[in-house]
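Visitor: The task is to assemble the complex, starting from two chains supplied on their own in separate frames and drawing on the hints.
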Amino acid sequence: MGIISLERVDNLIWLGRYSERVYLTIKEFFRCYDEMLDHPTMYQEYCQNLQIPMIYESPTDFVQRYVRDEDITDSIIANLYRAYDNCIVLRNEIGTETMTYLELALDDLKSIHEFDSFLLDLQLVVDHILAFWASLSENVLDYDVRDIIKLGQRQERMDMYLRLRKEKKDIKKAYDSLHHRLNKTILPYDLLKMEQLKTGVEETIIDYPACIECVEGLL
Amino acid sequence: MKNLIEQQSKINHLLKRYGVKFGIYKNNTFHEQLFPFDCIPRIITKEDFDYLNKGLIQRVDALNAFLDDIYGEKRIVKDGIIPTEFIYSSSGYLVECEGITPPQHVHSHISGIDLVEGKDGKWYVLEDNLRVPSGASYPMIARDLCRRASPKTFRTNDVEENRDYAKLLKEVMDSVNTGGINAIFTPGRMNAAYFEHSYLAEQTGSKLVSSNDVVVKEDYLYFKNYDGSLEKIGALYRRISDEYLDPMTFLEESLIGIPHLMEIYKKGNIAIINAPGNGVADDKGIYYFVPKMVEYYLHEEPILNNAPTYLPYYEKDKEYVLEHFDDLVIKDVAEAGGYGVFFGNTLSPEQKEAFIEKMLREPRRFIAQEVIDFKDLPIVENGETVERKADLRVFVLSGKETKVWKSGLTRFSRNPDSFIVNSSQGGGFKDTWVLSR
Numbered sequence: 001m002g003i004i005s006l007e008r009v010d011n012l013i014w015l016g017r018y019s020e021r022v023y024l025t026i027k028e029f030f031r032c033y034d035e036m037l038d039h040p041t042m043y044q045e046y047c048q049n050l051q052i053p054m055i056y057e058s059p060t061d062f063v064q065r066y067v068r069d070e071d072i073t074d075s076i077i078a079n080l081y082r083a084y085d086n087c088i089v090l091r092n093e094i095g096t097e098t099m100t101y102l103e104l105a106l107d108d109l110k111s112i113h114e115f116d117s118f119l120l121d122l123q124l125v126v127d128h129i130l131a132f133w134a135s136l137s138e139n140v141l142d143y144d145v146r147d148i149i150k151l152g153q154r155q156e157r158m159d160m161y162l163r164l165r166k167e168k169k170d171i172k173k174a175y176d177s178l179h180h181r182l183n184k185t186i187l188p189y190d191l192l193k194m195e196q197l198k199t200g201v202e203e204t205i206i207d208y209p210a211c212i213e214c215v216e217g218l219l
Numbered sequence: 001m002k003n004l005i006e007q008q009s010k011i012n013h014l015l016k017r018y019g020v021k022f023g024i025y026k027n028n029t030f031h032e033q034l035f036p037f038d039c040i041p042r043i044i045t046k047e048d049f050d051y052l053n054k055g056l057i058q059r060v061d062a063l064n065a066f067l068d069d070i071y072g073e074k075r076i077v078k079d080g081i082i083p084t085e086f087i088y089s090s091s092g093y094l095v096e097c098e099g100i101t102p103p104q105h106v107h108s109h110i111s112g113i114d115l116v117e118g119k120d121g122k123w124y125v126l127e128d129n130l131r132v133p134s135g136a137s138y139p140m141i142a143r144d145l146c147r148r149a150s151p152k153t154f155r156t157n158d159v160e161e162n163r164d165y166a167k168l169l170k171e172v173m174d175s176v177n178t179g180g181i182n183a184i185f186t187p188g189r190m191n192a193a194y195f196e197h198s199y200l201a202e203q204t205g206s207k208l209v210s211s212n213d214v215v216v217k218e219d220y221l222y223f224k225n226y227d228g229s230l231e232k233i234g235a236l237y238r239r240i241s242d243e244y245l246d247p248m249t250f251l252e253e254s255l256i257g258i259p260h261l262m263e264i265y266k267k268g269n270i271a272i273i274n275a276p277g278n279g280v281a282d283d284k285g286i287y288y289f290v291p292k293m294v295e296y297y298l299h300e301e302p303i304l305n306n307a308p309t310y311l312p313y314y315e316k317d318k319e320y321v322l323e324h325f326d327d328l329v330i331k332d333v334a335e336a337g338g339y340g341v342f343f344g345n346t347l348s349p350e351q352k353e354a355f356i357e358k359m360l361r362e363p364r365r366f367i368a369q370e371v372i373d374f375k376d377l378p379i380v381e382n383g384e385t386v387e388r389k390a391d392l393r394v395f396v397l398s399g400k401e402t403k404v405w406k407s408g409l410t411r412f413s414r415n416p417d418s419f420i421v422n423s424s425q426g427g428g429f430k431d432t433w434v435l436s437r
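Protein chains in written order, with our numbering: chain A, 1 to 219; chain B, 1 to 437.
Derived by calculation from the structure, the hints in this document are not laboratory data.
Just so you know, not all the hints are guaranteed correct.
[Claimed, not checked] With a straight-line cut-off of 25 Å between C-alpha atoms, the simulated PhoX-like cross-links for lysine-lysine are: (1) A:K172 - A:K27; (2) A:K184 - B:K224; (3) A:K110 - B:K16; (4) A:K110 - B:K26; (5) B:K400 - B:K74; (6) B:K400 - B:K232; (7) A:K110 - B:K21; (8) B:K267 - B:K400; (9) A:K27 - A:K110; (10) B:K10 - B:K21; (11) B:K318 - B:K292; (12) A:K172 - A:K184; (13) B:K10 - A:K110; (14) B:K224 - B:K267.
[Said to hold, decoys possible] Pulled from the structure, derived: some chain A residues nowhere near chain B, Cβ distances all over 10 Å: (15) L37; (16) Q51; (17) E70; (18) S137; (19) M194; (20) E195; (21) T204; (22) E213; (23) E216.
A virtual CB, placed ideally from N, CA and C, is assigned to each residue, including glycine.
Bound-form chain B, shown alone (with noise of 0.2 Å):
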């Protein structure tokens, strides 16, 4: 391990000459940003392995069996397990996904589960990311770049191999392709996650396109190729938003997205990765229903912890959260990536007071958790060790079986004081070992 952590600065230094950049805006322009890289691996047991891998294929395959079921028959809602209201007036329910099933039944086919470990040994799931969950590509070069610049680490430790993604994804787009060649959308060059969307077209196999180089005709999607001949489409792996991928009928004024792709996908002729609505299902007011759906989908117990999660909605939580607003953490659900995440020690008395008043009137909006005490990982800084903030991506593959990636992107804070570790906001990533044995 000394040996790798020795050679930070050269890995880096490839990951740079490799493109390993992901784009952010500032000020209306945008900057492509290098990804920092910290060597020390986040290490995970085979024994929390075997217990995470349980857990978490029992939660994506609870959360599939919740949206085949919402845009079906809805029988949750009606044996009254889930509050209507947390279905019809979450941001990622789409009435235009009523009434169709995607190939396999399979909804989510790349889960992005957040996952921290607490001091106590335990570890909680944070968030269920159900849409275009990103990350996946970095450790996946990272690992591949360590190893080379660190052999003797690789051969002396007995960790999983992490670089057959690309093989689990293909997997996973081969099994619910309608008939066609497999495609991965990108809404294009400025798109903040650009460089995995080409570098995992690259590992697949797959053909990276934006909407100029596709069309919808006769009820089937199709590659343009430059001499006028057309490819058809059978799985379409897109990393672009829902209200941005169709504008017929989603956003009209989307110019990045397909025109008449729902058309042909509700008539089964595409498979669409992950499909579209899924956000019905990652809201963060729903992820407190997760463990009950396990329970009324699969009969069977939770395996994996949620963190301890009030919403205000209901009477008694909302007593608590009142009572205890200091020692917990508000998050609101209409955000994501860090933001509208706040801890409630850290507010005045008047803007604690505006927030109860906006909280109180928007109950649906917010959930509140109990700050969970993770686990600190070590960083290389300056030369020297010290403990940051960090939590862990794992990615859940599902196609004609659920599968866990044996990795995963693990996030740190690069800010002592933070606890937030999103790229965006300037965390950086190690690589994530599962052990053999």
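Bound conformation, chain A alone (with noise of 0.2 Å):
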């Protein structure tokens, strides 16, 4: 591996957790709005899988400050300003061109004013997020700087799988994702975590907490 320091490899990973949990919280957030359509106060529940502060007073004010307040921690905009922070300190290990997607995905949340058909424009920043993997697999050409954001990437889609009690079938595949992507790089990891994790999926009936609790311990 190339030289990196000790608070690159950790914005890494970050950027690849981040980044992963807007591109995940803005698919879920499409299926939570069709659903609302029919049922308004099905945010409340969304709110209660991801374990957010249900902080919203209605349909509306869920919608508009969720996808956009940069004052709410858990808000998207909150979270991909987080992937954003991460990102820009990258320039040297992931490249110009690669961090570009990043910042046309933030541009283009940032310009959502308009709430009537936001969703088309939402689903800009996901096509921005998919380009973003897209150029770090094809032209970030140090396999250990990719490994490990993937690494970050995987983590997160494990955490937020059990959050959202995903099926048994996804979180299993979740899992092996993260670990053949752990066993990738050279970073440690705490495998004793990653044991109990994997009894953990596999169980008839799945402890969540337990298992997330082990996903935010591994590295």
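Guide: Below, the structure is given as structure tokens:
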């Protein structure tokens, strides 16, 4: 692996985690929004599932503030800013070209002011994040840099799937993917927690909080 | 060219996409701002560039000779060319650099020389920036995007390449490297020029480092790899002011510096780009003496013109300044970034009286210059072409030899009544074309 500081390793992991968090929450938000058309209070369940504070007063308030309010810690834009903050210091590692896609994602999200047809605009954010991942695979030549970001991505996916109580087959797939990536990177991780996670996701009734704890304590 | 101008908003959009921004503090809060780009380039003819090239190499060579002398024998002072107090009272003079000879005797590796073109067609040097001049990355990336946006324009105009800046910079770093990797040392994300630091690191293949990433150990500077291994650094292009560079030598409260860096620099175990202590040569008061340096060190006639400058320190100049106060621009030598500059005719009688009293009390602190009626350049604003004041920062790189980058940063004022072009005060930038024939 090329030389890289501990601080940048941390940035790479969190870049992977936050960009995946944004991607997955938008996808989940699409589903929730659609259900809200028929069941307006669905957003309360959404917050509960994601374990984020239910501070919203109405469906409209939820839609607007959850997407665009930078001061709400768990909003989509706040998470995208965190991805961006980690990205901006990694030009040396991931390159200008790859960075541009997160820049575009943030610009598109920031430019949403009209909420009538904003889902179409939000789709652009998803597109840019996917392009970011594609560019990372295409343009970042250092495999270790790629593996660390992807490790962050897989860790976040595992975490989110557990929080969202996804179907077991999806959770198992996320576990396999995380396991594969952990073995590819040379970063140290907590073997015991990984073992516990493996056992946990194979149980008939998954102990979600215990599994989430394993994921969070892995690195 | 018309085709290029039509793409202005698209190019600005691309610049945004590429994160071409600069940081600014407003009300103690950090903001990132886009640096507005105007597509109409400043065009320098081959003939003009040939003249500037010779003059700039001469000027920077003289400035490097001056710095080597000042931190060494001080012949120029002993021979009475520059009064002692102009050296020792300069805030840029660092006693800690006394006796240090940097690798290859190069002190100013990257010199940003600010020029203006007068309406009479003459070029004037306004300032020499020899500490950490910034701005080369902006025209470099803008050129790349302009070529993409309007290939036709570049097919039909003979413009010298400017995307070789990173190559020139790397050559300089390699030429003074004392053994090890090249690194660019940034104070961090919240620095106004962070985009440039990270972009130049990427383009030169250098490591971008902050104070936490490096350590001085057994007389060398090392990059700390995440696994605990160390990688020696041989050339450090620092983008941080002298006073914050090493808390053991300069400001002890600096948290962004590298402890003990100066010790190993003194031993010749690292090249610091630009060398510490260069501020003594780009002091606005010392500027007056640069043509004399050319004569003294190089035994040549200065090629480039300074803007006509007066030092109230000298009795004759003081009288002139008092007589022509309203026609002059006054600069506080302790200020930078367009601050501390004002026009004599803009002061009220009370302000003028108070200022003159201050000037007479501290004559070394001010210089006065004739107002150069410099050429306005066209810019596109709201779809119309209007004229604005603009300057030019040319980058001169010194390693094994001194070379002038065939481009530069043209900054313009967006305010029709202002001469201040600094980005921190709302200015924009243009590409600078040097024609190849």
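Visitor: State for each hint whether it applies.
Guide: Evaluated hints:
1. A:K172 - A:K27: Holds, at about 20 Å.
2. A:K184 - B:K224: holds (23 Å)
3. A:K110 - B:K16: holds (13 Å)
4. A:K110 - B:K26: holds (21 Å)
5. B:K400 - B:K74: holds (24 Å)
6. B:K400 - B:K232: holds (22 Å)
7. A:K110 - B:K21: Holds, because 17 Å separates the two Cα atoms, which is no more than 25 Å.
8. B:K267 - B:K400: Since the Cα atoms of K267 of chain B and K400 of chain B sit roughly 21 Å apart, the hinted pair holds (cutoff 25 Å).
9. A:K27 - A:K110: holds (18 Å)
10. B:K10 - B:K21: Holds - the C-alpha atoms of K21 of chain B and K10 of chain B are around 16 Å apart, at most 25 Å.
11. B:K318 - B:K292: Distance of about 20 Å is within 25 Å: holds.
12. A:K172 - A:K184: Answer holds: K172 of chain A to K184 of chain A is near 19 Å, not above 25 Å.
13. B:K10 - A:K110: holds (18 Å)
14. B:K224 - B:K267: holds (21 Å)
15. L37: Per Cβ check, L37 of chain A is outside 10 Å of chain B; nearest 34 Å; holds.
16. Q51: Answer for Q51 of chain A: holds, closest chain B Cβ roughly 30 Å.
17. E70: At about 13 Å from chain B, E70 of chain A clears the 10 Å cut-off, so the statement holds.
18. S137: Its Cβ never comes within 10 Å of chain B, the nearest being 19 Å, so this holds.
19. M194: holds (20 Å)
20. E195: holds (24 Å)
21. T204: holds (40 Å)
22. E213: Label holds. Min Cβ-Cβ 25 Å, cutoff 10 Å.
23. E216: holds (21 Å)
Of the numbered hints listed earlier, not one is contradicted by the structure.
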